[in-house]
Amino acid sequence: MRYNNHVNRKTNQSHNPILLTVEDLHVYFSIREGWLSRQRATVKAVNGVNLSLQQGDVFGLVGESGCGKTTLGRAIVGLSPVSHGQILLKGRSIVGLTGQDAHERARQVQLIFQDPYSSLHPRKTVCDLVGVGLKLHGLANGYEIDEQVLAMLKRVGFNIDHLYRYAHEFSGGQRQRISLARALILRPKLLILDEPTSALDVSVQAQILNLLKEIRQEFNLTFLFISHDLGVIRYMSNRIGVMYLGHLVETGATSDVFEHPQHPYTQVLLSSLPSIDPDTPSNRTLLEGDPPTPIDPPPGCPFAQRCPGVKPICREQAPELIHHGNSPDHFTACHFPHVD
Amino acid sequence: MLLKDTPVTTDKLLSVQDLRVHFHTLRGIVHALEGVSFHLNRQETLGLAGETGCGKSVTARSVLRLIDPPGRIVSGRIIFEDRDILTLDDTAVRAIRGGEISMIMQEPKMSLNPVIRVGDQVAEALLIHDTSLNRSSARTQAEEMLTQMGIPEAHRTSRRYPHELSGGMAQRIMIAMMLVTRPKLLIADEPTSALDVTIQAQILALMDKLVQDIRTSVLMITHDLGVMAETCDRVAVMYAGNIVEMGAVRSVLKDPQHPYTQGLLKTVPDKANPDHPLYAIKGNVPSLLQPQNHCRFSDRCEYAMARCSREIPPVYQMTDDHEAACFLHDGQSISSGGKQVDLMNP
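If you read the protein sequences in the order shown, they are chains A and B. Per this note's numbering, residue 1 is the first one in the first sequence, and the count goes up by one each step. Per this note's numbering, residue 1 is the first one in the second sequence, and the count goes up by one each step.
Honestly, I wouldn't trust all of these hints.
Claimed, not checked - In silico DSBU-like pairs for lysine-lysine, Cα to Cα no more than 30 Å straight-line:
id : chain 1 : residue 1 : chain 2 : residue 2
1  : A       : LYS90     : A       : LYS124
2  : B       : LYS12     : A       : LYS213
3  : B       : LYS266    : A       : LYS154
4  : A       : LYS189    : A       : LYS311
5  : A       : LYS189    : A       : LYS135
6  : A       : LYS311    : A       : LYS154
7  : A       : LYS213    : B       : LYS271
8  : B       : LYS209    : A       : LYS213
9  : A       : LYS213    : A       : LYS189
10 : B       : LYS209    : B       : LYS254
11 : A       : LYS154    : B       : LYS254
12 : B       : LYS282    : B       : LYS12
13 : B       : LYS209    : B       : LYS184
14 : A       : LYS213    : B       : LYS254
15 : A       : LYS135    : A       : LYS154
16 : A       : LYS213    : A       : LYS311
17 : B       : LYS282    : A       : LYS124
18 : A       : LYS154    : A       : LYS189
19 : A       : LYS213    : A       : LYS90
20 : B       : LYS271    : B       : LYS254
21 : A       : LYS124    : A       : LYS135
By construction, these hints were calculated from the structure, which means they are not laboratory data.
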């Protein structure tokens with residue numbers, strides 16, 4: 001069973017309704033140089049990704065730097081150009097929207113950036129930062145804005161004293177709370193969190209992760225949680241997707257993927273994570289070399305160059321994301337998946 | 001040759017005693033280190049763990065006397081073998097830097113010179129510390145080192161510039177540059193924090209092998225407790241300019257004795273139950289503008305007592321190789337030795 005059919009079938013089931021569907025998404029960037037900016041090469045940042053998020057899901061997207069996870073997140077918000085494919089929010093396409101439609105999409109889909117030090121305007125007060133969305137979308141006026149801003153700031157752990165301060169007066173964790181308040185005040189449906197805690201220390205990270213879990217319930221949100229930290233992904237998500245070189249190589253329920261990884265890349269990734277328990281035996285698979293670049297990638301399986309179990313067919317034919325194993329929701333793009 | 005002068009493993013290579021470092025800023029004096037003491041044995045890997053701003057990097061840089069103004073080493077002793085680094089003249093310190101003590105920085109691309117071929121940068125480290133070498137034999141040695149670092153086509157790679165290399169490759173070059181002089185002590189300041197986990201695993205395995213070969217000691221600075229558990233023999237946990245707990249890696253991670261270490265270990269989400277909220281240490285790191293006159297963790301500590309906000313806790317010795325600076329270990333509140341009160345579930 002292919003992943004697409006699975007997605008379509010699932011819409012008819014009595015599960016939570018599907019909120020977001022990504023169908024065969026391609027995001028390409030062309031590298032231009034020289035006289036008249038001739039196109040020299042194509043970076044295939046996202047290369048045929050299928051995803052579906054049910055209402056209330058926390059979908060964790062993991063992968064190493066350059067695998068396309070951030071580009072995928074940005075494409076959903078409309079910040080990356082979609083070369084091919086479809087993104088549906090509640091069944092309606094959100095690719096290439098303009099005017100009022102784009103405005104409304106911006107309200108419903110909010111993005112939290114990785115670096116809380118560069119994503120807040122340094123010369124605006126917290127009140128302006130958080131309230132600007134209300135003003136732009138015409139959701140409140142005058143003193144209502146201040147009231148709503150204060151209520152939201154209180155929810156994420158601030159008080160009235162913080163209302164007229166500037167971003168530089170806050171620590172990294174506090175700034176990430178401000179970013180969160182700025183997104184939540186618009187009552188979005190979908191929150192895309194791009195490495196929200198990787199710039200933070202572990203003790204602060206724990207506070208932010210707890211807050212995220214609380215507000216997800218409270219505001220009935222759906223999360224696309226992008227991270228390279230497997231521990232954080234495991235704690236936060238109910239479903240995860242593993243990306244490699246622009247492809248989704250494995251997806252399924254978090255417990256299935258962590259306990260029975262089927263794709264060799266997922267297995268390597270999980271074995272690379274150092275454990276804080278000195279008694280855990282480390283049976284690590286070391287990979288040769290660096291990840292290849294997504295500039296004009298070769299045909300076949302994206303992982304073929306580094307895969308420990310590579311066979312001739314892997315270099316010729318790209319495997320499809322299909323269902324393997326016992327769990328109904330576990331899909332792997334590999335010709336020779338490890339199924340137990 | 002190596003066997004003959006192999007010292008006994010308990011021999012101290014580095015001993016830092018009561019180190020105090022202050023930064024004179026416009027806002028006042030930042031008391032970055034308030035009496036840090038530890039030692040490092042030969043062929044041992046000591047981990048310095050802690051969060052941003054706790055003083056890990058300042059400690060490491062002090063060992064090489066790399067504290068720039070407005071920072072100043074106020075007092076303390078840094079005994080390397082039999083010399084006090086803080087009283088040596090500049091020429092002597094320069095001979096130690098990169099020769100007997102090397103330092104790997106976090107961002108390899110920031111530490112490499114962008115306009116010099118990487119092979120020449122590795123060879124330069126050799127030429128500076130061994131004046132009898134000529135350029136071509138230094139180059140050959142550098143290339144050998146790159147081959148040992150698992151760099152494919154070492155000859156061709158050594159002719160490249162840093163921007164042509166990936167982060168993992170650049171870090172290999174840095175490590176090659178630092179180990180080619182066979183230092184007695186390697187200071188690694190977050191060597192893998194900027195790298196992906198699969199690359200991190202490669203680099204850590206490689207470092208481990210080379211450190212064994214060269215028989216060097218390592219001072220490993222990391223905020224990643226997993227990396228620490230895998231690479232270190234002993235660890236020191238720092239908080240706000242103090243070492244709050246120190247001991248064998250197994251005993252500190254399995255049986256932490258300071259409330260801060262316990263909290264830190266509980267905040268790691270790796271094995272946490274997703275149905276429960278994560279343990280979070282309440283509050284924020286205190287300002288270091290005040291000189292220390294009490295336990296700096298007391299405001300955030302679950303077990304804080306009245307004396308915690310009045311006195312500086314001394315270091316209590318739990319076992320031969322496990323100590324913690326916390327009043328909970330004063331007198332009878334915790335029995336030392338075999339059975340210990342479980343602070344995690346009081």
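Outcome of the hint check:
1. In summary, the hint linking A:LYS90 to A:LYS124 is not supported, as the alpha carbons are separated by about 35 Å, beyond the 30 Å threshold.
2. In summary, the hint linking B:LYS12 to A:LYS213 is not supported, as the alpha carbons are separated by about 48 Å, beyond the 30 Å threshold.
3. Taking the CA atoms of B:LYS266 and A:LYS154, the gap is near 27 Å; set against the 30 Å cutoff, the hint holds.
4. Proposed proximity of A:LYS189 and A:LYS311 is contradicted: the alpha carbons are some 44 Å apart, above 30 Å.
5. For the suggested pair A:LYS189 and A:LYS135, the alpha carbons sit about 19 Å apart, so the restraint of at most 30 Å is met.
6. With a C-alpha separation of about 57 Å, the suggested pairing of A:LYS311 with A:LYS154 is violated against the 30 Å cut-off.
7. For the hint pairing A:LYS213 with B:LYS271, the CA-to-CA distance comes to about 17 Å; that is within 30 Å, so the pair holds.
8. Proposed proximity of B:LYS209 and A:LYS213 is contradicted: the alpha carbons are some 42 Å apart, above 30 Å.
9. Distance restraint check for A:LYS213 and A:LYS189: the Cα-Cα separation of roughly 15 Å lies within the 30 Å cut-off, and the hinted pair is therefore satisfied.
10. Under the criterion of a C-alpha separation no larger than 30 Å, the hint pairing B:LYS209 with B:LYS254 is consistent with the structure, at around 26 Å.
11. For the suggested pair A:LYS154 and B:LYS254, the alpha carbons sit about 38 Å apart, so the restraint of at most 30 Å is broken.
12. Using a Cα cut-off of 30 Å, the hinted pair B:LYS282 and B:LYS12 is violated, with the two alpha carbons roughly 38 Å apart.
13. About 15 Å separates the Cα atoms of B:LYS209 and B:LYS184, which keeps this hinted pair within 30 Å; it holds.
14. A distance of roughly 28 Å separates the Cα atoms of A:LYS213 and B:LYS254; the hinted pair therefore holds under the 30 Å criterion.
15. The straight-line distance between the Cα atoms of A:LYS135 and A:LYS154 is roughly 20 Å, inside the 30 Å bound, and the hint therefore holds.
16. With a C-alpha separation of about 43 Å, the suggested pair A:LYS213 and A:LYS311 falls outside the 30 Å cut-off, and the hint is violated.
17. The straight-line distance between the Cα atoms of B:LYS282 and A:LYS124 is roughly 28 Å, inside the 30 Å bound, and the hint therefore holds.
18. In summary, the hint linking A:LYS154 to A:LYS189 is supported, as the alpha carbons are separated by about 21 Å, within the 30 Å threshold.
19. Taking the CA atoms of A:LYS213 and A:LYS90, the gap is about 23 Å. The hint holds against a cut of 30 Å.
20. Straight-line distance between C-alpha atoms of B:LYS271 and B:LYS254 comes to about 14 Å, which keeps the hinted pair within the 30 Å bound.
21. Restraint check: the Cα-Cα separation between A:LYS124 and A:LYS135 comes to about 15 Å, which is no more than 30 Å; the hinted pair holds.
In this structure, the hints that do not hold are numbers 1, 2, 4, 6, 8, 11, 12 and 16, in rising order.
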